[in-house]
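Asker: Sequence:
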Amino acid sequence: MKMEIEQLEKVASQVRRDIVRMVHSCQSGHPGGSLGCTDLLVALYFERMMLNEQDGKPVFDMNGTGEDLFFLSNGHISPVWYSTLARRGYFPVEELATFRKLDSRLQGHPTTHEHLEGIRIASGSLGQGLSVALGAAMAKKLNKDKGIIYVLMGDGEQQEGQVWEAASFAPHHEVDNLIAFIDLNGQQIDGPTVKVMNNRDLGKKYEAFGWEVISIEEGNDMAAILKGLYEAKSRLGHGRPILVLLHTGMGFGVDFMMGSHKWHGVAPNDEQLAAALGQLEETLGDY
216 MKMEIEQLEK VASQVRRDIV RMVHSCQSGH PGGSLGCTDL LVALYFERMM
266 LNEQDGKPVF DMNGTGEDLF FLSNGHISPV WYSTLARRGY FPVEELATFR
316 KLDSRLQGHP TTHEHLEGIR IASGSLGQGL SVALGAAMAK KLNKDKGIIY
366 VLMGDGEQQE GQVWEAASFA PHHEVDNLIA FIDLNGQQID GPTVKVMNNR
416 DLGKKYEAFG WEVISIEEGN DMAAILKGLY EAKSRLGHGR PILVLLHTGM
466 GFGVDFMMGS HKWHGVAPND EQLAAALGQL EETLGDY
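First residue of the sequence shown? That's 216 in the numbering used here, and the numbers climb one at a time after it.
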């Protein structure tokens, strides 16, 4: 599927509406990071990723043979992933209303035993996603499958040791069909990342480990994201994995949530929901 920037922006606006409504409905969840990563996921699923499709809708199977795959490592931002998957056609949009409720397939952190289309790993135990993505990328290389592996991590997640084991492994084994993103919003559950445990210069760290690093400075600008994604893809296949430093705003799109770690895992009340929805255009119809 290919879309113009204006169309992608309309999808992103609807996804943001879905996010705040989902979290409000169950009074639980993580709106801040979800809102910040909306533009990336919409760009990937609606414009960039090669997906197996039938009649314009994705056809899901766990193996993902012959298509690009996306893994969400920071699984607590599940609202943005669920909404993107539903709006892309993986499962009914109406199912978003069940988020975090009893017997729902849409758990707070994605799981596989729920058999939700689009989900290939259980995630949210931070630090594991890059390792899983590497396994999938190496499997594709062994199978001579041209699909690309994408994985998204949080910047607070870079404080996990397993991330750096995987970061060392990937260049050594020349895993060059992998694009990893770090959501650089500068916030984590306990406060700004620079105060909790300063990551310093992540770009230089990954370069020292042997990665090729690019930066998308405007991670909530659709045109900038698309340009960055094209650049990242153009650098694949030369023996090195690609890291994209994605500079986003926590809570982007809702003024009172922006830039604050307080909205990492807090649900809006009725008044706050109304204020948020007043800033987000309904473009595809609410569920």
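Hints were generated in silico from the structure; no laboratory data involved. The structure presented is a predicted model; accordingly, all values stated were derived computationally and were not measured. Misleading hints may appear alongside valid ones.
[Stated by the list, open to error] Here are the simulated PhoX-like pairs of lysine-lysine, each with C-alpha atoms no more than 25 Å apart in a straight line: (1) Lys356 to Lys477; (2) Lys477 to Lys410; (3) Lys419 to Lys448; (4) Lys217 to Lys442; (5) Lys442 to Lys361; (6) Lys442 to Lys225; (7) Lys272 to Lys361; (8) Lys410 to Lys442; (9) Lys217 to Lys272; (10) Lys217 to Lys477; (11) Lys361 to Lys448; (12) Lys448 to Lys420; (13) Lys316 to Lys477; (14) Lys420 to Lys359; (15) Lys420 to Lys410.
Asker: Hints broken by the structure, by number, lowest first?
Answerer: The structure conflicts with hints 1, 8, 10, 14, although it agrees with all the remaining ones.
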